[in-house]
Structures are given as C-alpha cells and as structure tokens.
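Protein chains: 2
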Amino acid sequence: MAAPRAGTARPSGDAEALVRLARPDMVEVDRLILERMQSTVPVIPLLAEHIVSAGGKRLRPLIAVAAARVVGGERLADAHRFAAAVEFIHTATLLHDDVVDSSELRRGKVAAHLIWGAPSSVLVGDFLFARAFELMVETGQMRALGVLAHASSVIAQGEVLQLTRAHDLKLDEETYLRIIAAKTAELFAAAAEAGALGVEAPEGAVAALRSYGLNLGLAFQLADDALDYGGASETLGKNAGDDFREGKVTLPLLIAMARTAGREDAFWRAAIDDGKRGDEEFRRARELIIGTGALSATLDRAGAYADAAKAALRAVPASPWRAALADLADFAVSRAA
Amino acid sequence: MAAPRAGTARPSGDAEALVRLARPDMVEVDRLILERMQSTVPVIPLLAEHIVSAGGKRLRPLIAVAAARVVGGERLADAHRFAAAVEFIHTATLLHDDVVDSSELRRGKVAAHLIWGAPSSVLVGDFLFARAFELMVETGQMRALGVLAHASSVIAQGEVLQLTRAHDLKLDEETYLRIIAAKTAELFAAAAEAGALGVEAPEGAVAALRSYGLNLGLAFQLADDALDYGGASETLGKNAGDDFREGKVTLPLLIAMARTAGREDAFWRAAIDDGKRGDEEFRRARELIIGTGALSATLDRAGAYADAAKAALRAVPASPWRAALADLADFAVSRAA
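If you read the sequences in order, they're chains A and B. Using this note's numbering, the letters of the first sequence map in sequence onto residues 55 to 391. Using this note's numbering, the letters of the second sequence map in sequence onto residues 55 to 391.
Because the hints were derived from the structure by calculation, they are not lab data. Since no wrong hints were added, every one of them can be taken at face value.
Pairs involving identical chains hold if they fit within one copy or between any two copies, as the list cannot separate such chains.
Calculated pairs, SDA-like style, for lysine to any residue (alpha carbon to alpha carbon, straight line, at most 25 Å): (1) Lys224 - Ser93; (2) Lys163 - Thr218; (3) Lys302 - Leu231; (4) Lys302 - Leu168; (5) Lys163 - Pro173; (6) Lys224 - Pro96; (7) Lys224 - Val97; (8) Lys224 - Ile169; (9) Lys224 - Trp170; (10) Lys224 - Glu318; (11) Lys224 - Arg317; (12) Lys111 - Ser287; (13) Lys302 - Pro96; (14) Lys302 - Ser93; (15) Lys330 - Glu318; (16) Lys224 - Thr94; (17) Lys330 - Asp222; (18) Lys224 - Leu100; (19) Lys302 - Arg219; (20) Lys224 - Pro99; (21) Lys330 - Gly171; (22) Lys302 - Thr94.
In isolation and in its complexed conformation, chain A is listed as follows (with noise of 0.2 Å):
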C-alpha cells in the first residue's frame, strides 16, 4: 500500500547551513566534552567516550551555541560550556534510558549497558550528569544553571510517566505530548534558553528562544515517530518499527486506535497488551496507520510545531544564524515526509 502524502505541501530545510555556521563554536565545544569526560577511574573514559564520540547529531549543543549567536553574542566562553553541559545531559539520559530499556543498539553502536554491565552504565551517567553541573558552576551564572536543573527534573519525571504509561493502550493523546514535551522538548528547550541567557540576551529574545527549542523538539519528536513507521515515503528506514517491536504507544498509533475503534480493537490489544508484534503484525499496523491518515495527521501536527518554532524566531533580528534556525524546523519535519 502507497503511502499518500502528507496534506500540506513544506518547506523541505535542513541542518547544513546551521552545522556550517557553528562549525568554529563546535570545535571549542567538543574539546570541553572530550577534556571533562576523562577521569583516572579506568573504565569512566572508555564507556564515555563509546557513546558519546558515536557522536549522533549533537544537536542540543549545537541549539545552545546558535541561541546564543543568534542574539549577537560575541564572548561564548559561556555558552559553550552550557551546550556541552547540554550534551552531557542528554548522554546522561541515554546511558539511564538503554538500561530502563534494555536496548541493544545506540547511535548504531552495541549499547554501552551490554559491553560494561548495566551497573557501569548507571553510574557513569551520574558521573556525566555531575559534572554538566561542574561544568555549569564555572559560568557563575545561576538563572542559566538554574534552566537545566529544571529541565533535568522535567525530564526524570518525562521518563517516569512514559515508563508508567507507554505500554498503555488508554494513553490519551495529551498524556502523551505530556511526555514527549517533558522527555524530548524540554532539553531543546534549556538548551535554546541557556544558551541566549550564556551571553546575557534580553529577555524578550531568551523567551522567544526557549519557545523555538520547545516546539523544535515537538517537531522533531513526532517526525520520528511518523519515521517509525516509514514517514510519508514509500520505504522503511532502517530503525522502522523499532518503537512498534518494542510496544510504545505513540501519537501515530493512537490517532489510528481512535479512527478504528470498535472495528480493530482486537489486533491493537494483541499487539500492545499481548506481545504480537511480528513483521506481519507491523504491515498490518503500519496500513491502518497510513489508511486512516494517521501518519499524515501526525506529520501536519509536527509540521505546525515547526511553524511555531519559526514564528518564535521573529523576536530575534534577521541573520544568517535565524535563517539557518528556521531551516532545521523545516528539516526537523521534512526529513519523515
């Protein structure tokens, strides 16, 4: 079955001219995460570096550095240290996140949980998270440290409720934004923020900016759950089906649940509540998920939190360094369509 597009015609955007601009800001961010993930504890480095030189996108750093750009921000000693806080944060979850999931792969590498036993990977995330705290301490700037200790509370509380509740059929539609703003968004969020706030920006720009990173990572949490089951194209990524096997509820499977109640009751349950969850299952899931415009309807919703994350940005005055924030909004979306 063809998967019809997603309704509204988008900008497609991406991430290139952002990852150009920050290149210089990048490198001095890197060095800081490489230089305070060491430790003379002999297996702290090694598992550190294991997922944290896999690299993925470092895009929550790269959101602080932009943050602050984009307002002018010259001196970013600061803020650097803040978007390699971020990062460090974020691997913190990672590392927490494959153990609460018992996953087996992150970033395309064995997960470091099955290479140095959950134990290490528990403490080795506190060890990071401890010390994006040090590493925030040396900015002296309390109102910005003060964004990511709570964002890192939102975020423990984001997974707690997801843990409870995304193996829950009844998961409401606004429960689950409730997790994904709490779980995904609100690090986009702290990250925007305490980056403009890293070079002391106005507060109208530090508001504006928190809004595009918490609607920037809404954006980019349900294009990845339209992905899951192929986005709008017509082939399956190679991670699809990856939260179905796992039997996460998310927005696209709700809104298909709600289209088909009364008739497909029974192979949802089947499929959530008792495991069924092979490839033939999935085909199946994955046609009643596009049939009923479920996909398109979560890729129209994640469209509309771009657009609010682009609207954000006219707080802020015009640059290449906008311009290349409102493209990544565009490519958070365009990428599942």
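Use these hints to put chain B onto chain A, whose structure you have.
Leaving out everything else, chain B in the frame of chain A:
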C-alpha cells in the same frame, strides 16, 4: 573465639546531643524534603517516600545544619536547603546503589527496585538528584552549589572504582581508602562545607568543617566495615556478614589477608573469587580477622580519623554545637567498640 577489645581505650560519645540541638532545624529540613520530592507523576512520590520516610539517621543533613550553627549562623534558610539537597543526593545514590548491587534490603525495608522495578529506581534517583540542584539554585550561592556538584562527580567515580575493584583480592589499602573517601566521606565533607558556606562562615572555619566531615566520614565507614565482622563485641549485629556474603573486600579483610599471606591464600581465594561464602566461611573469616588483629587495626584507624575530625573542630569557637560534633566523632567509632 572471644573478640579482644580494640587496643586503645576511646571515649564513647553519642549522637544524642546533636540530634537534640538540631531538632528545630531538622523539622524545617524534613519539611523541605517532603515538599520537594512531590511530583504529579504518581509513582515518584510513592517511591521517594518509601526510601525517604524509612529515614535512616539523616546524618548528612544533620552535619550540614550543625556546620552552619557551629560558626554562629543564625539565618539558616539556605543551610536548610543545602541540608535537604544533601539528603536528596544521598538518597539518589542509595537508589542507584541498590540497583547496581541488586540489594534486597535498604534501611530495614524491601529495596525500592524490588517493588517498583529497577527502571523506576534509576529514574527516581535521577529526579531526586535534579531536585537537589533545583533546591540549591534557590539559594543563589554558587560556591556551595559547586561543592555539591563536585562531590557528586567524586561519588560517582568512587562508585565506579568500587564496582570494578571491590571484589578484587589484589585491592591495596590505598585504593580501598580512596574508594571510601570518594564514595562515603566526600558527601560528609561536602555537607559540612556547604552548610558553613550557606551562612557565609569565614574561610578558616569552612576548611576546618570540610576536614571534620571528611575525617568523620572515613571513621564512620571503617567502623561500619568492622561492625560487619561484629566489631569488638562478642555478639554479632543483625546485618553482620553482609559485606562478606557479597564478596566485598573491605579493610578488615585486606589487613587479615596481608597478615595471613601464604598460609590462608586458598581460603581467601575460594571465598572472594569462587563465591564460597556460607556461614562456616564467614565464621572462619571472622576468626582470622579478629585473631590477626585486623579488626583492632581497623578500629584504631577509624579512631585516628575520629581524632582528626575532633582536632579540626579547634578552628571553630567552643559551644554546645562544637561539643556535640565532637561527641558524634567519638560515637562514629564507639558504635563498633
């Protein structure tokens, strides 16, 4: 075999005076703890209350409060926040420790991970850790916050070092002392330092109180190590033998192994490396630990740290608080004598 008394006669001491003096402060600290462990995510307050209300001695926040009072601090609102933050950090490490060690009991209750699962224990630990920093941000006192951020990274490194070395017969005394300094004593030191900084104590007093906390923490831990083999009394406490049964190499064992090198290598290897750690082996280990004087040597070492803790107190003015802190240092060791 009767346990010979430890070599040096020591003052007995108790914690009563300190507990009594600090009662009004601790009412406020407990109120903060209860207030800040709340969350709208249902499992969090339940799990947090399970471990927090089991209580323990609240020794670390007590030390933070006492450090603020002993230097004549009067407006203690910030010191109370640091005290509550110290208890949150401690509780977070206990939750993670129990997952790491697969412990079954904590503070006399079933360990939280056996009720709510290891994932919830990991994530609620993360939540409490983040909440500790949120509380500290409210004080606006960056230097004291930095002390606890640094302590947190030292503790995590100590935990990893213990994890990789604690079951290692080739562990040396120096590494063992490094582990307990990081894992246990550092938080005592940071509690005292942050409490003193919280009331803007003079530099000399801050350094002295840090030294008090560090030495007190070492004395407590070594006395605990001795207690696990019954201390200097003839009767065994209810948790005696736990370290041995878990194959943990502690100072009494290290000293006994060194003093029986050659003769008893096969016994120690069978116990620690091959897991032969039944009741009979425990009795034999205890005999060797007492017979070789390893137990007395451990208590003497603990006593020396307690004396160093008391000596550090000379830098603060004489007062009922100072006397109570000195009593606590004696009590740290006399519990095991």
